[in-house]
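Chains as they are written, first to last, in this note's numbering: chain A, 83 to 385; chain B, 7 to 434; chain C, 8 to 284.
Simulated from the structure, these hints should not be mistaken for lab results. These figures come from a predicted structure and were not determined experimentally. Some hints could be false.
[Unchecked claim] In the DSSO-like style, the derived pairs of lysine-lysine whose C-alpha atoms are separated by at most 30 Å in a straight line are:
1. A/K239 to B/K186
2. B/K364 to B/K379
3. A/K98 to C/K105
4. B/K186 to B/K234
5. B/K60 to B/K341
6. A/K167 to B/K416
7. B/K411 to B/K181
8. B/K327 to C/K139
9. A/K167 to B/K411
10. B/K268 to B/K283
11. B/K60 to C/K67
12. C/K116 to A/K382
13. A/K160 to B/K234
14. C/K105 to A/K381
15. B/K379 to B/K234
16. A/K100 to C/K105
17. A/K95 to C/K111
18. B/K268 to A/K239
19. C/K170 to A/K382
20. B/K158 to B/K170
21. C/K111 to A/K381
22. B/K170 to B/K292
[To be verified] So the derived label-pair ranges between C-beta atoms look like this:
23. C/I120 to B/K186: 56 to 64 Å
24. A/L234 to C/T268: 34 to 42 Å
25. C/L192 to A/K382: 37 to 45 Å
Backbone N, C-alpha and C fix where the C-beta goes; we use that ideal spot for every residue, glycine too.
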Amino acid sequence: MNKGLKDRITLYKSVKRKEKYTGYLLSLPLLSVTVLVVIIPVIWLLLMSFTNKTIGSPSTFIGLANYFSLFRDDVFWKSVTNTLKFSVGSVIFQLLIGLAVALIINGSGIVKLVTRSLIILPWAIPGAITALVWLWMYYDINGVINYALRTLGLIQKDILWLANPTWALTAIIIVNVWRITPFVSIAIIAALQNIPHSLYESSALEGATTIKQFFFVTLPNLKSVIFTLILLCTIWSVGEFQIIHVITKGGPANATQTLATLAYEVGFRGSRLGQSVAISLAILPVVLTLILIISHFLKKAVT
Amino acid sequence: MLTTRKIIINVLLAIVLIGVTVTSFSCAKKRKLTVMYVKIWADSLNNTFEGICKEWGKATGVEVNMVQVSLNDQDTKTAALIESGTGADLAIFPAHQIAIYKDRLRDLDDIARELESNYGGFYDIARDMTFLDGHWYGIPLYAWSHLIVYRKDLLETHNLKPAKTFEDLASVAKKLNDPKNEIWGLGIGMGKDDDIAMFFQSLLWAFGGKVFESDGKTVAINSPETRKALQYLIDLYRQGVIPPGAFGWDGASNNKNFLAGKIAITANSPTIYYVAKHENPDMAPKILHTIYPTGPNGTFCYATGFTFATLKGNKNTELVKNLIRYIFKRENYSKLISSGEGSVDPWIRSFENLEIWKDPNLEPGLRSLDIMKSVGWPGPVTRSAAEVFQRRILTDILGRVINDKQSLDKAIEEAENKIKDIVAQYAK
Amino acid sequence: MTQKVGRFRPRLTSFLAILILLVFFFPLIWMLVTSIKPHDLIYSSNPFDFSHLTMDNYFKVLHDTSFIRWIINSFIVAVVSTFISLVVSIFAAYSFIKFDFPGKDSIWKGILICYLLPTSLLFIPLYTFITKLGLFDTYFALILVYPSFLAPFCTWLLYGYFKSIPSEIEEVALLEGCTYTQCILRIVIPVAIPGIISTGVLALTLAWGEYIYALVFINTNLLKTLPVGVASLEAGDVYSWGPIMAAAILSCIPPTIAYLTVQRFFLKTNIFLSLGR
Chain A
83 MNKGLKDRIT LYKSVKRKEK YTGYLLSLPL LSVTVLVVII PVIWLLLMSF TNKTIGSPST
143 FIGLANYFSL FRDDVFWKSV TNTLKFSVGS VIFQLLIGLA VALIINGSGI VKLVTRSLII
203 LPWAIPGAIT ALVWLWMYYD INGVINYALR TLGLIQKDIL WLANPTWALT AIIIVNVWRI
263 TPFVSIAIIA ALQNIPHSLY ESSALEGATT IKQFFFVTLP NLKSVIFTLI LLCTIWSVGE
323 FQIIHVITKG GPANATQTLA TLAYEVGFRG SRLGQSVAIS LAILPVVLTL ILIISHFLKK
383 AVT
Chain B
7 MLTTRKIIIN VLLAIVLIGV TVTSFSCAKK RKLTVMYVKI WADSLNNTFE GICKEWGKAT
67 GVEVNMVQVS LNDQDTKTAA LIESGTGADL AIFPAHQIAI YKDRLRDLDD IARELESNYG
127 GFYDIARDMT FLDGHWYGIP LYAWSHLIVY RKDLLETHNL KPAKTFEDLA SVAKKLNDPK
187 NEIWGLGIGM GKDDDIAMFF QSLLWAFGGK VFESDGKTVA INSPETRKAL QYLIDLYRQG
247 VIPPGAFGWD GASNNKNFLA GKIAITANSP TIYYVAKHEN PDMAPKILHT IYPTGPNGTF
307 CYATGFTFAT LKGNKNTELV KNLIRYIFKR ENYSKLISSG EGSVDPWIRS FENLEIWKDP
367 NLEPGLRSLD IMKSVGWPGP VTRSAAEVFQ RRILTDILGR VINDKQSLDK AIEEAENKIK
427 DIVAQYAK
Chain C
8 MTQKVGRFRP RLTSFLAILI LLVFFFPLIW MLVTSIKPHD LIYSSNPFDF SHLTMDNYFK
68 VLHDTSFIRW IINSFIVAVV STFISLVVSI FAAYSFIKFD FPGKDSIWKG ILICYLLPTS
128 LLFIPLYTFI TKLGLFDTYF ALILVYPSFL APFCTWLLYG YFKSIPSEIE EVALLEGCTY
188 TQCILRIVIP VAIPGIISTG VLALTLAWGE YIYALVFINT NLLKTLPVGV ASLEAGDVYS
248 WGPIMAAAIL SCIPPTIAYL TVQRFFLKTN IFLSLGR
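So that you can see chain A by itself, here it is in the shape it has in the complex:
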């Protein structure tokens, strides 16, 4: 009996070991790609942020001087607030509008089928092209958006989309929302279509109205999707560069300057790579803070 037990324990241990090795082995490709193409560059960037590296010159170690000068720079802090405004503003609307759209177009019928197939297109177009198209539409004189709004009588004077600080921020948030909402919608539609029909039937039997069904059947089952989407959308928004760079270039007077665009300006319109990298690395704490706040808030809302 004892021997049998010992044997089984040894077998179990060897299986567990084999599991471990296989686990490492199978995740090795992903690890190597990430280490090679992300972690090593990130470490290099981190080291560069501790130097005074400029383009075309050798660098010397200066410790945390780059970071200290950032903390004293009000354009940097403006960029931080802009990044937060841009991300939070974008993500909120992406989720709300995405959810609404998903609920509306997730039905039977040819119209909705066609809509569901085509709605992804704004997300599928390369960002560089989207940015150009919206720039073209936002032009103040003879831009189609202003012209259409005036023709419809909705506004008297042209909206200074790119010239007014508040409107400029709104303008880029609109583009960002336009671009990402389709992705949110299809993710939620996929989740909706995987909610078992029986849940709706049984709740209907218990006399639940459509609204009650939404809150007690649909929404709880969308929890995990929505959480994933919030994470993804936040990451995408905080790192967004192309749209802002093409449409406003951070203007007017730094009203739409975000960390990503500021890093580019300092590094390539100036030539201070060390400082530029420090600004970019500052994106990490911003994203992590946002994510932590959101998860905390959501966990509370769920319980």
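We have chain A; now place chains B and C onto it with these hints.
Chains B and C only, in chain A's frame:
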């Protein structure tokens, strides 16, 4: 389905591998030279340039790889080139970057001296930007002119002449201003675009203001002259002579608006004229160019130009010099400048008699060469000066005052501190 | 399949669906409209002047630029890098689910953190890296680098998806003596095809639209990818709006075809489950 997909992927991979092998094999046979150049807005110029290089390639048996970079992407591509030390044998980039990157560039003294003796010298401004510490780190290629562009027909209707001074310019703009009919007097951006950055720098110098002193380090921006220059534009904006949306304009906005007949005066390179001649023929005769107006301190024009350069470790220097020589042969360089139709001005002397200069609209570009000053003047070109200009620290003051309702004095002080900080950063 | 809301007042929601489509597609419609306008109408005061339309811009794009090459380049780079990323992700996601090994959580979190950094910065060290490897100005530069953001994305999606696959099938196979690799190849993948293809199409879209790496790592015009090529249709202060819009419309065609092809099962797979932190 799995198998079909795998087959397709395998076929694709095979195609890619074959393609790469074939390309690398064919390249291994010939000598190869990569030329990276910034796309000028006159297509004919770009085509002529490529043509000249390819001609040379045929004659010498070298395979020439032309890499075209658009102006928007130029910062990134040039930075990558300088940092890595490879990517192009011969590069063309803005001349003020020579001062910044000269440590990584090979000196081209022999060919510069050769060209100077053939043609009687480069223009002073070109020399100032590329001849540093006793060596030629670049070969000046051409300047990009910036002029004041008028609606000639509107001037005639109002019985006005193009302005000789900035005061004049303001009054002419006010008289031509007709917002009821959607025509604004001075259609210049007030935001992050190139045109206002260049216009304002020229305006500032004309009023006696400057960013740096002659030592290139002392920040001299906080002065009554600077105040006057800024007030000039702020007043025009507040009087409704500059379109309200100007803060959001990019480099192409004033072009578009001029061609659409919405603005009477702007500051621009001869792009508008070029596009009008080719695509809006009714607008072309209505365009008049003049050089920059004069201020209390003189007449100035911000210099933008392009230069040849090659990297220090480059292995094809002899071929590069050969190619530069070929491009600067009289018939080739004449062809090049002429094909630009005024978009660029020669930076080497003795090309002032080309046919194109007979056009009264293009001749001001040639004359501007004598009033051009480089970024950082009266100090030398420095990294700080370049950063201040390219990040629009000065023109951002306009936005701070008008949009953010900051007082002018405080905004100038802010800018002064920013500039001092930048200087300190580069001194670290 | 149909949900309660969708069945709620079907006519109203169908009408709303059309409205939604129009609103979202307005920029695309405007792209189309601008692309068929001649130069003078593009610069005229009235954007709704459609008096004389032309297909000139399309000819200019297809004839005067290397547009077709750009599409082919984007296609090759996107397909190959997505394929690599999928392979890597399938194995990684499977291993994260099935096995418990020390450091698993930190590895996973570390990979996600790497996803947070913008490519507009990572390209600096990667540029030197690629140049030293001699891969500059080749497809391989992009194919090697794209998995850096595609693989975490795919792994993330597939992780949630694989979790939802019941494990009984594999356990039977394992008991019968399959190795883990065989198990993955013969059992898991065939079952997971819809999810894998859905993830693949999404990853393809990300690769298709990438700009910074494609701009910096590729010099030759003939090797440019689509976004870089279209953005290069500007020269200084002249944006060739007509050709840019024409190129933009043409760029919509491949993604539309791709999504229409997979839409059969695309929305039926739930690949967006969270990690359940």
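Find the hints from earlier in the document that the structure breaks and name them by number, from lowest to highest. none
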